[in-house]
Amino acid sequence: MSFLSGVLRSCQPIRFYAAKQHQKLAPVESKILEKLEKYFKPQHLQVVNESYMHNVPKGSETHFKVMVVSHDFNGIGLVQRHRKINQCLSEELEGGVHALSITAHTSEEWIKKNGTFNKSPPCMGGDASRHFLYTQIHRILATRFLFYVYKTVQRKISTGNNIRLKYG
Numbered sequence: 001m002s003f004l005s006g007v008l009r010s011c012q013p014i015r016f017y018a019a020k021q022h023q024k025l026a027p028v029e030s031k032i033l034e035k036l037e038k039y040f041k042p043q044h045l046q047v048v049n050e051s052y053m054h055n056v057p058k059g060s061e062t063h064f065k066v067m068v069v070s071h072d073f074n075g076i077g078l079v080q081r082h083r084k085i086n087q088c089l090s091e092e093l094e095g096g097v098h099a100l101s102i103t104a105h106t107s108e109e110w111i112k113k114n115g116t117f118n119k120s121p122p123c124m125g126g127d128a129s130r131h132f133l134y135t136q137i138h139r140i141l142a143t144r145f146l147f148y149v150y151k152t153v154q155r156k157i158s159t160g161n162n163i164r165l166k167y168g
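Just so it is clear: in the sequence shown, position 2 is 2 by UniProt numbering, and no numbers are missing.
Please keep in mind that the hints were generated in silico from the structure rather than gathered at the bench. Among these hints, one or two may not hold up.
As the list claims (entries may be wrong) - Here are the simulated lysine to any residue pairs, SDA-like style, with alpha carbons at most 20 Å apart:
#	residue 1	residue 2
1	K65	Q46
2	K31	N55
3	K65	G75
4	K38	R83
Stated by the list, open to error - Restraint-style ranges between C-beta atoms, simulated for each label pair:
#	residue 1	residue 2	range
5	Q87	A26	16 to 24 Å
6	S120	K156	51 to 59 Å
7	N86	E109	13 to 21 Å
8	I157	P57	50 to 58 Å
The C-beta atom is built at its ideal place from N, Cα and C for all residues, glycine as well.
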């Protein structure tokens, strides 16, 4: 039996709050921790504010990753676990929380993973400079399309052809 499995099987649950050890928690992060703690009584709980990885103002609380290990998940599937967590945090999700990454395990599953969680991938969107580039490309294409339509209509009128407009 490994040390980790011995700790998980003991009566004392592990509580890990990443930011709490070094700094005061922000309000939304604190509320998420409190709700998950109360609702699931987890053996391991970790809440990470990943907003800094996205194109949001500094100090935002919009993107979170929660990792919950609880006996409440025994015998239920992954989708039901996620639904329970979403239901628990429904108020935050309706408010300012834009994204919630959920990892939910039973104690046994967490032991099999050696007490580790996957690292979050980098943000794939929301880069303001990329958005600006896409906007500029869209404007150029729209302008060229309208110019093409204008020239086609002008040519049809000058040659005396009927113009048929199709809708839908």
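A quick look at each hint next to the structure:
{"no.": "1", "hint": "K65 with Q46", "in the structure": "8 Å, holds"}
{"no.": "2", "hint": "K31 with N55", "in the structure": "23 Å, violated"}
{"no.": "3", "hint": "K65 with G75", "in the structure": "23 Å, violated"}
{"no.": "4", "hint": "K38 with R83", "in the structure": "16 Å, holds"}
{"no.": "5", "hint": "Q87 with A26: 16 to 24 Å", "in the structure": "23 Å, holds"}
{"no.": "6", "hint": "S120 with K156: 51 to 59 Å", "in the structure": "55 Å, holds"}
{"no.": "7", "hint": "N86 with E109: 13 to 21 Å", "in the structure": "19 Å, holds"}
{"no.": "8", "hint": "I157 with P57: 50 to 58 Å", "in the structure": "52 Å, holds"}
Hint compliance for this structure: hints 2, 3 are not met, and every other hint is.
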